[in-house]
Structure formats: structure tokens, C-alpha cells
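Hints given; two lone chains; assemble the complex.
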Amino acid sequence: MEFAELIKTPRVDNVVLHRPFYPAVEGTLCLTGHHLILSSRQDNTEELWLLHSNIDSIEKRFVGSLGTIIIKCKDLRIIQLDIPGMEECLNIASSIEALSTLDSITLMYPFFYRPMFEVVEDGWHMFLPEKEFELFSSVTNEWRLSYVNKDFTVCPSYPPIVTVPNCIDDEALKKVATFRHGGRFPVLSYYHKKNGMVMIRSSQPLTGTNGRRCKEDEKLINATLRAGKRGYIIDTRSLNVAQQARAKGGGFEQEAHYPQWRRIHKSIDREGASVLIHGTEGTDSTLQVTSLAQIILEPKCRTIRGFEALVEREWLQAGHPFQQRCAQSAYSNSKQKWEAPVFFLFLDCVWQILRQFPCSFEFNEHFLILLFEHSYASQFGTFLGNNESERCKLKLQQKTMSLWSWVNQPSELSKFINPLFEANSLVIWPSVAPQSLQLWEGVFLRWNRSSKYLDEAYEEMINIIEYNKELQAKVNTLRRQLAELETEDGMQESP
Amino acid sequence: KFRDAAAMDSGAPGANRGGGLGTFGAGRRPPRPVGALAVGSRQPSVETLDSPTGSHVEWCKQLIAATISSQISGSVPSENISRDYRVFRRPEIRRALRDGNKLAQMEEAPLFPGESIKAIGKYSTYCISSPYLGTDSHKVKWYVADDPHFILDVPLGVISRVEKIGVQSHGDNSCGIEIVCKDMRNLRLAYKQEEQSKLGIFENLNRYAFPLSNGQTLFAFNYKEKFPSNGWKVYDPVSEYKRQGLPNESWKISKINSSYELCDTYPAIIVVPTSVKDDDLTKVAAFRAKGRVPVLSWIHPESQATITRCSQPLVGPNDKRCKEDEKYLQTIMDANAQSHKLIIFDARQNSVADTNKAKGGGYESESAYPNAELIFLEIHNIHVMRESLRKLKEIVYPSIDETKWLSNVDATHWLEYIRMLLAGAVRIADKIESGKTSVVIHCSDGWDRTAQLTSLAMLMLDSHYRTIQGFEALVEKEWTSFGHRFALRVGHGDDNHADADRSPIFLQFIDCVWQMTKQFPSAFEFNELFLITILDHLYSCLFGTFLCNCEQQRLKEGVNTKTISLWSYINSQLDEFSNPFYVNYENHVLYPVASLNHLELWVNYYVRWNPRMRPQMPIHQNLKELLAIRSELQKRVEDLQREAATRSISSSSDRGSSPSHSVTPVHTSV
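So the protein sequences, as listed, match chains A and B.
Heads up: the first sequence begins at 187 in this note's numbering, then just goes up one per residue.
Heads up: the second sequence begins at 170 in this note's numbering, then just goes up one per residue.
Here chain B stands alone, though its shape is the one from the complex (with noise of 0.2 angstroms):
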């Protein structure tokens, strides 16, 4: 039942052929030739790891011829199909390829509902022979002939670019593709020249993974699957700050944003101080950048500290200042009759807030704020984390420098960035709850670092969003609906990859959690699973949750009525990701300790792709079915009682001529 079975199935160190991904291995990859096209430097140009066996090097040369059968279009019947909900559980599909042609079969495999197959090749990769590629509406799969159970699935929306590269190795007519993806990995294939004039699969990947370029839709419009839960109906703002306790005498709920003319970032409902008027907020929002005026993310239970969250203020190079923005900041300390002070956290590093001042931007001066401390938490801006990521990837796919491991990971300070985030929200929860003053926190736009920063630190304050409905409110809330911008940061359909606005924010705060789910392995009702999906799905473009920019855009686009909600997915099958471990630490408020010995690199995650990875049976799994043992069980008592009961009754009735019945007739004569 919890043997360790999966890491045991995959080989010892150098077999031949490792298990799944395993066939990945740079080193079963011959060295990339001289004069290969640019595809960067991400590729170690030479073999680092042990040599390939003879034989695989055959295998690998092998060079099968394509057939093809493109622009094969139109819907599949799907609707036949009966279908769990795990989306990426497919064995049918492996049942198929095994025997027959395959190629007709694979134009029968199940599809989402929605989904439809626009290329489908034969084709043969740097280290897998004969791999059937097809390139439906939103994945590119590969199927290997010879192994049922190598299946590839790449939604299509994980695609950061596709580029042409050179292949002499596999004969002159030889050409390639690189896929280079945005979860951390990049996938090469080989095929021969003439099929690819056929085929067309380099420009039917452009044109499929690139969607919003290509003057088309995203998939998650198209998707059509069916959930008896629906994720639209997680986070009712109203609802969630009844949940708080608010409107209240000092806060109110405010319309004033309902058709996005106050602040087209924010969203309709805001809570503002209930005495500020409504001509005031205006003026507070011109001098707000992007009119983000301070509005309140969380009110303390007890104290009434309060998180609030903006932008930064215009002051400019002039030291403009504006009266209603000192007096609302005023209004929000007031609010909070615990403390005589207002402690404003500006995420940014003192120096760049002096930048911005240069630029009309800037921070809340000590002389217009007498009554505010203002804090530069330090933390590098988007471009920073983005190298970061770049660096991390870099150095765990497609091989690890098994010597210089630890000194590359410390050498992306991914851990020191990850690091930063959580030692500044600890700040934040700490001035929350042991200093009962309320917080303001913004950066440039607060759309970044704040939402991380206000969503990290509601995440120790408050018990409801370690849970799996209240940690999907807390995304709801804290990123989409006050602006992060999922569709610019990652980037989705767009096929221009080396656009400055796409940066890893919101894989940051995810990140972090795990941190923090390491470090508290019994709050969170979620487990690691869940994590990584919600990651999964933030590049796939199949649910709606992760599209847009700001809720304007998407009440816009008609996300919530066209498409289909990832928390539609998630909370359909819980059982998939709830942590066994749960205990609920209801009002307990948690620090994690931000210090670097104990953080770690997110392994599960990061370097999952990596062909070294070995896979193994997750502890959850363990744990999920000791879980249902318990549940099986306790149904099992509980029939048992019942038939014991029944029987013991019917029994007893019956028994009215037995011996032992004699003896109450005696204690009722008594």
C-alpha cells in the first residue's frame, strides 16, 4: 500500500534506459553541431554527463521516415468519451497507440472538450526514435510508438518560442525545432527537410502556441469541459469582507469604482475609510499612480490594524504634495484607535524610489506624513527576478553540473529574492499583530511586489486563507481582481518572448508559499500538488482564471461567463489537493523563518523536468490513501454497527424463549 514502488521502477544510476523522461537526458543527446542556428546559451554545447551507451547512440540516430497528415481539422467526437477529471490521466490514449495504425488512432484520441487536432507528424527527436507529434488546438503531445507509456503532453499556452536549429548530426537534410518553454523546460526535435515543407509544423506551432498574435482566440474560450463545482463563485468580494467584519464604523464598502472610473486597475468594490468623500478619493487618485488609491486588503479581528495597499504617491522631483492623500492616510491611521503611528512599507529599494521621484513618481515624505514611518523593504523590481528565473533555469535543464551545484543555485539568488518577499512580509504581519499599527504597502504601481507582499502576509495573519477555498479567494482577491497583469507578466498567446513587461511575480508568491508550507507542513489545507497545478495552469491557457490583466479587461472579454475557472477543476476533486496533515491553525498567526539555511530550492518544481529527476512516489500519496483507508473504515464500522444493531435486535426479539431472557422477569418482581 505505501511502499516506495515509483522510485524503485526507475533504473540504478546509468541504465540504460531511464524511466519516463528519462529518454530527456542531455547526456543520451550527441553534441550539438558547430553550426547550429542561435538559440541561445542555454544548451551546454558539450556533454556533461556519462557518455551514452552504443546502442543508444544507434537509437538515437535513427532517423524514421515521416508521414504526415496535417491540417487534419474539424472536432473529434469527444462527448462519447467517458472521462474522469484528471485532465492529464489519459491511458486510453496509450491503449490505442499500441497496436494498429497509429496514426489513424491518434486522430481519434480524446480531446477537451473543445479541443481539436490541426497537425499531426512522425517524427524523430535527438533522443527518441519515432515519436508521433501532434500539435492539437492547445498541446503539442508526443507519443513514442515503442513505449505506450511515453506520452509528452505540452499544453501549447507553456510555449515561450519556437525556433528553427541545426541538426547536421542527423544527416544534411536533417532540421530541428526548439521549444522553448515557460515551466522550465526546453523540448528538441529532428525531422527530415522535405517533411517539413509538407508538414508544416513549425509554422503551425507559431501560429497555434501564439494565438493573440495571430488575431486569434486563447483555448480557455474554446474550452468547453463540464465541473459540477463552479470557480467563478469562490471569491464574492462583498462576502469575504463580511467574512472580516467589514463595512464597519470606520470602513465602508464602496461603489465608487463600479464602472472602473476611479481606477480602471482596481476593481469595482473597495473598502475606503467611511468618512472620506467621494470628491476626495478623486483627488487621492490623481495623486496615486494609475489612480490606485490606498484601500484596504485586511482588517485585524481584535485590534483593527489594518493592511491597506496603492501605488505610489506623485510627489515628483517638486515635493508636490496633496492634502486629501495626507489627510486619507491620516483617516486610515485613525481607523485604528491601537496605535498613535501608520507604518508605510515601500517593497522598493530606496534608491529606485529616488529614481522614480526623478521621474514624477516617488514616497511619502516624513514632513507631508508626520504621523507615518516609512520602510523601503529593498526588494529588486521585475527585470531582476526575471534574470533570476532565467539563471535558475539555466543551470537545472536539460543538466545539473552535479560539482557546482550549490554555488549556481546560490549564484541566481532566487533563494535570496524568495528570501526577501517572506522576511518583508514577516515584517508586515509582525507590525499587524504584535504592534497592532496598521500598514500601507506599495511599490511603483502596487501590482507586484504589494499584491505578493499584502497576499504573503494575509496568508500568517489569517487561518481562512491557508484553506483551499479561502488560499483561491486570497488569489482572487489580492491578484486578479486588483490588477496583477497575468496576461502582460506571462505573456499568454503572445509570441514575443523577450518582452520586458513578462516576469515570474506571481511563481514568486507560489514560491513562497511552499516555503512557507514546508516550514508549517499542518496549517495548510493544500498540499504541494495543488501548488504546482495552479503554476500549471497560470502558462496553459486552458481555464480563465489566469487571463487578463485587471478586472475591467475581463468582465471585457467575458472571462467569467465564457470560460471555465481552474478553481472549477480544483475543487471538483479536492481529494487530489487536500494535505492529509491538516490541522488548522485557526487564529494562530505563522512566521516562517526567512532566513536562507531554511529555505530551499522548490526541487519538485523547478527540476522536475530535468531527465536526472528521479521520480518518485510523493509522501502525499502516501498519506492521501492512508486517508481513504480511514474513510473506508470508518464506513465499514459503521455498517457493521448498523448490521450488528439490526441483527442484534432481530435477534433479541427472537430470543424470547431463551434461557438467558428468564432473568428479567426476576429484577422486575424485586
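Chain A on its own, in the form it takes in the complex (with noise of 0.2 angstroms):
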């Protein structure tokens, strides 16, 4: 297919862009295979420049001849372009309708985007397993890297290497994996290093009705425990749903069969146990509590690095299906039901905790929103397929761009350094009372303020710090002019 099929009229004068707190702009308007463009032709400046996979929805209405197009993207912005002329305003309308909701995901902007900018450190090689798992093998020798899925046979939506048990062979692995709902055995999401206590993730037990059971899955979930130990398995469901989920051949572990085990539906305190988390697929709540669990626990995944590998580890390659959930956002209309804001949830979240604790994220606010708008719409590979196996197929390493590739460049990273940041190696409990939780402003009013002042005091934030810093620096050369006049004049006191 030609992106020219699609697009009847590539260009329209005299359009005019209306945007909250700007002037109405009048320029031209162009349509590309996947932006939409408008310039005011003064000065070469581009007044607009929308990927069309960001475009949520679209609606149009005619006064007379002039037509209006309002469109709503998936960062929640919503623009209006007055376009002269009906059929104009009515092929534009539809050809946007067309090339946002491309079918293909090669035909998507990442596979076509040409970087301008020199890759240093290439993304797609920068978290994997093999460093991940260095981190706290040489702490424990209880766990060990299998490569049971490297076609990704055993689980669609799994990686091709998973973190389990030592004593579990490949072989239990397969009979495991048949008794969870799509294959997604048990395996390591965090190893605690401070206690030993782990995190392990999976999805539903198939016991059905029957109560069907499985050794193996017995054995593993049991080889995770030190002897002694209690561990907890949270459903992220509530009691209800999972005993619905019965009927559907579904359920949850009883608790005669897994001994040193609880099981329990809300979340738990902090008591040092080992914990087993899983909802229905164990790739969309489950994941939002094993990842923020880590941001709670793990004072690394607080920083840049350590988040970036956090949603590479816990989402990506977990088999978190972006492709679905963020295939269209609030304003669509024809609402799909594997559509669902769950990795912006666990953004929001994220939000909140950094709300609450301004200086131990090494990243902020700005990062969080970075992800939010390129797991939606972006022209890097990261978030394209819905798991790894998918990512494989599209050769996304090969034909596309990492995300991390471009923010991990000293330029753009410098955007996203929280200014207050000070490494705090403690555990950090938010508060979850509802007076603690707020609306998150930069996402959901972005389009609706003006931060001029807001931007202004945290420059004002970063201008006391960068001073500090100077002033420090002055100091330091002050004392060692200082130490070296000493020395002189020693040198010259001793002959």
C-alpha cells in the first residue's frame, strides 16, 4: 500500500490552527505519510508537527464552506484546524481518520524514521538478562537464567530468557508452564539483596473447577522459599473475580497445596516474606505491582538508568502488550477492548510517589511524561509488538530506532535530571491516603495552563543549584591556590 492512495489532499492553504494560550495561527497545511504539518511560512517555522498515530480522534463540522477539523491526541491535546473549502477540509478529515489508524505496524513512523543524531550507546543492547541477573548472582546461587523459551515455544509472551529457581529443571518448566494461563510459569521479577526476600511473578493457576493441580508448579513455587520461610501470594484480583474465574478454567492456588504459602487479595505491610504476585494474564496489574514494588524497595530503580531497565525488564519484555493497550487512548471512539491505560497508570503512580519524595529520583517529571507519550506515539521501535517474540518477527532492532538509544545522549538526558537528587539507598513508603494522591497536572492539564511561572521557579530551583556548584567549585580552586602559596612560601622558608 502507498501512503499517496491515502492522502487526497496533501496540501491546503490558509488553514488556521487554533490552540489554547497561542494566537490562532494561519499557515499551510501538509499531510506526510505519518505527520501532520502546519507552517505559518514566517520564518520557516513549523507551527505543528503531529504524528498521526498520536491522533486519537477526529471530528469535523462545516459553517458554510469553511470547515473545522478538531483533533484530539493520545497526550491528551486537543487542537482545531478552520480548513477553507469543503471538499478539502472533508479528504483531509478523512485521510487522518486513515493514517491513524494504520493496520500494519511496518507502515509505522519508527520503520521509516531516519536518526539525525549519532548513536553512542545503542538501546536495544543496553538491558539484557544475562548484566541484569550479574546484579545479584554473585549474592545467591539459588537462581539461575533459563533459556527454556528461546523460541518462545513455551510462552508466547515471555522473553526468550527467564530468571527461575536453580533446583527447577527445563523440563518442569514446560509441564509448569502448561498450568498457567498463557504459559506464564512463575519466575524471578526482584531479588531483595538486603534479605533475600524475592518477588516472583506469573499468571493464574488453570485449576478450574476441578481444582486441578500440578506437581511441578508445587515444587517451584516452594523452591522459592528458604526453608521456614512464609511466603504470600497476592492476587491483584479481588476474591470474587478469581473464584469467577473458575468457570473459565482459571482460579488460584490452594493453600493445602502450597504450605508455606498465603494467599491474599489486598496488599500487605512490610514484613520480610517472599511474595507471588499475579492477577488473571499476569501482564497487566501484576505488572504494575511487581514494577512499583521495585520502585518502592529498590533505590536503583529510582534512577534513570535503573527505571529505563526497570521498563525494559518489567514491561517490555515481560510481554506488557503496548500494541493493544495503547492502541488508542481517552478521547477514541471506537473503544476496543484490549485498549487500557495500564503502563500510564503505573506512570501516574509513579508520579505520585516522586511527588512525594522530591529527592530521591535521580529522574523527573518530564521523564515520566516522555515515556507516557512514546508508549503511545513515537518514531523509536521501543514500544511497538506486544511482547518480545513479536519484537523478533518486525526485526524491530534491526529496522527501528531505540528510544533509550536517543535518551541516553548526554543533550537530552540533561532534561530529564532532577536537580534535587541525592541518592537515598532507604526503602521509601508513599502514603496512599486519598489526600496525598493528586491529579497529575503536567499530564492532565498540560494542554490547559500555562506554566510559564511553574517553569520559571523550577529554573529558578536549578539556577540556586548550578550557583551552589560554582561557588563549590570556587572553593575548591581557592583552597588549592591557597595550599600551593603555602608551599611556596614553605619553599622558600627552608634553604
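By construction, these hints were calculated from the structure, which means they are not laboratory data.
Computed from a predicted structure; not experimentally measured.
Be aware that one or more of the hints could be misleading.
[Said to hold, decoys possible] Examples of chain B residues lying across from chain A (beta carbon under 7 angstroms, computed):
id	residue
1	569
2	574
3	604
4	776
5	806
6	807
Positions of the beta carbon are idealized from the N, C-alpha and C atoms, including for glycine.
In C-alpha cells, the structure reads:
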């Protein structure tokens, strides 16, 4: 298919763009295969450069021959284009509609995007499971990497390499996979080095109404606990929903068959116990819980690199179906049942914690907003596909650029650094009381407020910090000079 | 240095004992007995939060036999105790409580100069075992024997009412007291019946919490702390008007009210049009409610557009007119050459203004004031605001309904009323700045909504009021001197808690200011603590700043000579109250977005007593440290530079024989 077929009118003059907080701009509207561009032709500046994939819904209306298109974006922005000429307006609208809902992933922009920057570090190879495993394999031999899923046959939504108990062999894993929804057998999500406790995740067991059992599954789960230790199975569903799931072949673990474990359907306190977390499929709420827990527990996850690794490990490789979940967003008229802002909700939670612990994160709010934007529409391939298997088939690593390659350039990175950050090795327990939670204005009111004064305050904070650094440097130089003078004096005195 | 330490100190959700006020959790309190004395519907009668841990219930049930030492009066030596100016930080008390005879040491607890202990009791509350309760002439304090960090400090002035309540759960012969506070919290304690008779805590509380109802004076008149700064000098009307460029050819500073005869609730010094004769002014006063004639609050430095304030005209049902009043408003309009219009903002609802008209009040008609445009801002009266705050207190203390939080906040309408005030002030500021048109603002009496609107509009228009000293002057000017009835609205020292004259008008104003600081984080010289401190001392009666109802009364009571100003305390430690972000938007007019999605509940104020409120290190604390580091580094740079300079001078003079020195003569010989 050629994009040209979809673009009936590639260019219209005298289009007026309306946006909140900006004066209306008149210019030329151009449609390309992936972008909607409005240029006022003054100083060659583009007033608007919008990815079609960012467009969630469009509405059109007419007053005489003047058409108006209202575009609602997945990043929650709403813009209005006044287009003279009914035919032009209709053509533009139908083109946008077609181009913003392309079926084929390989037609998406990341496959066409040519980076204008030099890749210093390839983001596709930054977060390899082997490397992540090395981070804790020196302190324990209870875990091993398994390649049982290397061709994605045991579990299509798992990565080729997973971490499992050392004493469980690949044959057993294959059996356990048949007992778990979508083949998602329990794997290690997080190893807490402080006390050796672990967080493992899976999908629901397929107990069904008959209470089916699986010896290997029981063995695997018990193998994650040290002798005499208790574990908690956190079912993210309500008990009711979990019970109903049995009728459809799903279910939950019977405590009788997992003697060291207690099953609960709500959150728990800190207790120093290992946990197994699953919902139904283990690709949504499960990942929210495991990744948020790591933000709270693990200082590393609160750094930029660490957070990128967390997104890579607990979301992308763990098989969160980004393609499905982020296909549409809040404004879309055609709601599909697989569409849901799961990752967005996770980012909101991180923001809430960031707000409560403003000095404990290396990154700032803009970093979270960046991830929110790119999960919905991006020039990078990172969030394409639903799992590693799909990404492999799409050859994303060869054909597209990784978001991390771009973000981790020093010039980009500097925008996302929290100036207040001071490494905090402690566990940060956020308050979940309702009055402690707030609307994430940076996202929800982003297009609906002028951020001038807030930005200026932020800059002032950076100024203070930068100036302090300068002063510190000056102090150090002066000290050195003094020391030199002193030694000179000493040398003069000594002869 | 900037770690989020405080937030992490407090435990995990549901941990056995939360930090600080966490022990006051509703969840830790046994259910109220059905037969309890009626104390209103403020407390949920059933537990709404997680059930307490078993050991905690036992702990709560403990009723410690009380020992008493009542009516210890007489001053306790305090002059010899060194103290920084942090009024509420008393580490020495905690130290004193750690060992030995605690009660004896309580008596030695450092007090404010002028403060004395009236009663000390050993109590058990619903939730704290064996706290020491002390009532002194200014505060009620709880010290928990086994937790030296737990000190609950309640200024008596904050108490709205004290009631006996039933506490059968503690045993038959137990009784309890509920202390309802003006600052969004209620406190409860329980004790043995027989102790009550000996101790008289209930009577003592009632006696000392409401001194005016008991023929005594407010504590501010006994408080003798010394501060390096004198807050009574922050506002001088003549210099403030001079700063505004007054007097000028159109406006004069008049002494007509110097003995408060023209208007007894106005200040002695007012600014009125130059051409208006005193006789006419008297006639205008007769036509305005309470004699509150239109006077200048603020003048635009360029356009000369003015904000004038007054009370409603006494039009009455027969549409009475007053030639002098009409001429007066025309003169105000004429004083501004930029516009041929005058806008009158009536803060009230149109319908209410009509009702007032039937009762002798009213508003300016178009026929009598042809060049004036009348706009109703539709703001509700003091009773509506009081009810709204009552609802707000209900939903934030002691427990919060997690599932209905946002809809509950919405149902109080508190933020809606905040929005209306801000929106009204934005309209006023915009008329002045963009329309270059003078405005007249009034409600009924011109001391509640009018003060809110003029001071908010001035805060938007004039960056001076966004400094600490400027804000203090603004409060002194638009609120205190122009007769906002603080004593009546707060009910200082008065036991009539149901008085219909009480209303959180000033609190609303401070809330609006806080909303503005949220939207313009760099535009205000003060921080959140400054605003909270003002509100705390609005009720505390420790300082004279918010006492009395008008200037005349303050003069009569000798407030400025016999009490200390809150600004003395604040200005003696400006670091505590300064906003590190402050960059002074001089000459910027700041219009806040007065829309509900940009307003938020001021959680740090309204919800701060909630047991679930996690005490967190506020960001301004971090930034303050940054500033401290900055000045320290600056000093060090200077020191080092000086040292380096002296050294290099001395060493270069020593260096006469050094080889490098020989270069110089070569140069000079060229």
C-alpha cells in the first residue's frame, strides 16, 4: 500500500490553527505519510508537527464552506484546524482518519524514521537479561537463567531468557507452563539483596472448577522459599473475581497445596516475606504491582538508567501488550476491549511517589511524561509490538531505533535530571491516603494551563543549585591556590 | 542533606504505631458507646479504618490512675532559660520528661514569659497511655511519658468548645472530655470520675480557654516575649499611601476620622478625593451603612485608576438618593482621566442585595449613578462560608472516607467559594489594569467580602504586597485597620461557640493567597509556613495582631502597646518564612486561573491533623538548606579570597629575590 493513496489532498493553504494559550496561526497544512504539519511560512518555522499515530479522534463540522476539524490526541492535547473549502476539509479528515489507524505495524513511523543523531550507545543492547542477572547472582546461587523459551514456544509472551529457581529444570518449567494461563510460569521479578526475599510473578493457575493440581508448579513455588519461611501469594483480583475465573478454567492457588504460602487479595505491609504476584494473565496489574514495589524497595530503580531497565525488564520483556493497550486512548470513539491505560496508570503512580519523595529520584516529571508520550506515539520502535516474540519477528532491533538510544544522549538526558536528587538508599513508603494523591497536572492539565510561572520557578531552583556548584568549585580552586601559596612560602623559608 | 528522610521515618501503612500524631487515629479508637453525650455528628460512630492491632487495643484500654497537682499557680522562672525564637520547639521539655519525677519536671517546663501553669493532670486518653496533660494559661499540652517525642500542644485560644463525653468503654467510672478546636481538629481524653472532682480539668479548661466570658483578659496581654523586630511598625498608613504616590492632585490624606467620628470602624487616616468637603463627606457617611464611605485602597501608578471600598448605600425600599454620594462617586470617576466609567462591584448575590434593599440597605441604581456600571459577584455570605468549613472539617478529621474523598470535598463547596473569590478579584484587577477603569467595591458592611476582594486584587496588581513586609502591611491595612471584625469572626476568648457572627472569612483569604502561591511559585517572598503561621496565630491569642474588631477598639484596649505583634515574631526569623524561589515579579500583574481544575484543597493546612497524614519533609525545607549552603559557600569564597589575597601580597613582597621577579626590570627598561 502506498501512503499516497490515502492522501487525497496533501496540501491546503490558509488553514488556521487554534490552540489554548497560543494566538491563532494561519498557514499551510501538509499531510505526509506519518505527519500532519502546519507551517506559517514565516521564518520557515513549523507551528505544528504531529504524528498521525498520536491522533486519537477527529471531529469535523462546517459553517458554510469553512470546515473545522477538531483533533484530539493521545497525549490529551486538543487542537482545532479551520480549513477553507468543504472538499479539502473532507479529504484531510478522511486522510487523517486512515493514517492514524494504520493496521500494519510495519507501516508505522519508526520503520521510516531516520535518526539525525549519532548513536553512542545502542538502546537495544543496553538492558540484557544476563547483565541484570549478574547484579545479584554474586550473592546467591538459588537462581539461574533459563533459555527454555528461546524460540518462544513455551510461553509466547515471555522473553527468551527468564530467571527461575536453580533447582527447577527446563522440563519441569514446560509442565508448569501448561498449568499457567498463557504459559506464564512463575519467574523471578525482583531479588531483594538486603534480606534475600524475592518477588516472583506469573499468571493465574489453571485450576478450573475441579481444582486441578500441578506437582511441578507446587514444587517450583515452594522452591523459591527458604526453609521455614512464609510467602504470600498476592492475587491482584478480588476474591470474587478470582473465584469466578475458575468457571473459565482459571483460578487460584489452594493454600493446602502450597503449605508455606498464604494467599491474599489486597496489599500487605512490609514484613520481610517473599511474594508471588499474579492476576489473570499476569501482563497488566501484575506488572504494575511488581514494578511499583521495586520503585519503593530498590534505590536503583529510582535512577534514570535503573528506571529504563525496569521498564525494559518488567514491562517490555515481561510481555505487557503495548500495541494493544496503547492503540487508542481516552478520546477514541471506537473503544476496543484490549485498549487500557495500564502503563500510563503505572507512570501516574510513579509520579505520585516522586511528588512525595522529591529528592529520591534521579529523574524528573518530564521523563515520565516522555515515556507516556512515546508509549502511545513515537518515532522509536521501543514500544511497538506486544511482546519480545513479536518484536523479534518485526526485526525492530534492525529496522527501528530504540528510544533509549536517543534519551541517553547527554544533551537529552540533561532535560530529565532532577536537580534535587540525592541518592537515597532507603525504602520509600509512599502515603496512599486519598488526600496524599493528586491529579497529575503535568499530563492532565498540560495543554490547559500556561506553565510559564511554574517553569520559571523550576529554573530558579536549578539556578540556585548550579550557583552552589559553582561556588563549591570556586572554594576548591581557592583552597588549592592557598595550598600552593603555602607550599611556596614553605619552600622559600626552607633554604 | 536533602534526603526525603522525614517521610521515610514514619512507618508503612498500617504499621503498629505511626509517627507523631498517628496515634490519634480513629482506627485506633474503640467504637463510641451508644450512650455517649451528644457531641454533634463529627465523629463517625463506627470504625472506618483498619481495625487496630490487638496489642494496641490493650494499650488503649489501660487507664492509668491519675495523680494530680492542681491549681499550681504563680509564675515559673523562665527568664533564665535560653530560647531561640522558635516558639513551639521545646526540646528541653522532652529531655525533662525522660527521667525522674515527671510531674515535678512538668512544673519546671519552660513557659512563655507571662505564662503560668494552672493545672497538671495525669491522664489517659482513648489512644494514648499516660500522657501528662497540663493546662497553663496559654496552652493545653500532652506529654506522653513513654514517648518523649510526643507532645501535643494546643493553644487555649484555639479551643472552640469543651464538652464532657461518655466513655463507657474505659470502665463505669470513667468520663471524658472532647475539645473542639477552631483549627480543624477535635481532641478527646478520658479519665477516672474521681479524678475529675479533684482535678477540675474540665472547669479549668472552660475557665482559661474562654477568658473573656470569665471576666479575664486574653493571654496576649500577659505575653512578654522580647523580639528584636517591632511588628507594630510594619504598617504606617501615611508612608504606605506615600509609596502609592499619594496625596496627589485628586486624592488627599484626610484626618477627618482622626477621632473616629465619621466612621467608628474605619482607621483614623483615610484617603478621599481632594475636592470633597468634610460636610459632604458627613452626608455621604450618613447614606452608607455604618458610615463606611468610599475611600481609596489602591491607586494604579500609571493610569491613576483606583480601588475604592465602602459599604452598601442606604437606598431602602423607597429608592432613597443622596446627592452628595452620587457626586462623590462621580468625583472618584473623574479622578481617573483614562476612563469615563466607574465600575461598582457588589460582592453579594443580586437577590440578597435586593433583600437588603427592603431592609434599608441596597445598591447603586443606574438612574442615580448614570456613569456607573454595577456588577454583582454573587458571593455567598458569612453563614454559608461557616457551614462550608464545618463540612470540610467533618470530612478531614479524624478519619477520611477513602472511597468518597473527592466527592466529599466537592460537596463542601469550599473550593467553589475559593474560586468565586479569586474570580471576582481577577475581574477587579483586570478592570483596573486592562480597562484602566476605577472600581468601587462593597458588600453589605464592607468588612468581610470587600476586604477579601480588595486585598486579593491588590496582591495581583502590586508586587510590593507579595513581599513579606508588604503582605504584613496589606493585612494591617485592608483587614485590621479597615475594621474586619476579627474578634467577632474568630470569637477570641468567648465561649459562645454557636455565635452566628463567627465565620472563616480571613482563612478563606489566606487560602486564596495559597492558591496563588501554587500558581506563581516564584512571585511571593513568603512560603507556606508563613501562611500557616498566620492562621495558627489568628486563633492562638498569643499575639495582639488579630485581636479586637477595629482600630478604635484596638486603641482603647492598648493592643499596640500592651501586646506583641505577630509580625515581631515573624520578622525576627525571616529565614523560616522566606520562599527560596522568590524572584520578585516586579510590575507584573498576576492573574491566577480561577477555575476549579486549577484549585486544590490545601491539604497541608486542612488535613494536617489527620492521623493518616504522613508528615513529610516539605520541599521548602530542602530549598532553605540550599540557600543556607549558598550563603555559607559565598562566605567561604570571600574568606578564602581574602586569605589568598593577603598571602599573595605577603609572599610577593617576600619574593624580592625570587627568579621570576627579575623579569620586571627588563620590561621597564624597554
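Hint check: 7 angstroms Cβ-Cβ cutoff, residue 806(B) to chain A:
Check passed: Cβ of residue 806(B) comes within 5 angstroms of chain A, closer than 7 angstroms.
Are residue 604(B) and chain A close enough, Cβ to Cβ, to be under 7 angstroms, as the hint says?
21 angstroms, violated
If you take the shortest Cβ to Cβ gap from residue 574(B) to chain A, is it below 7 angstroms?
4 angstroms, holds
Close enough to count: is the Cβ of residue 807(B) nearer than 7 angstroms to one in chain A?
Hint violated; residue 807(B) Cβ to chain A Cβ min 10 angstroms, cut 7 angstroms.
Cut-off 7 angstroms, beta-carbon criterion: hint that residue 776(B) touches chain A
5 angstroms, holds
Should the interface hint for residue 569(B) be scored as holding, given a Cβ-Cβ cut-off of 7 angstroms against chain A?
6 angstroms, holds
In this structure, the hints that do not hold are numbers 3 and 6, in rising order.
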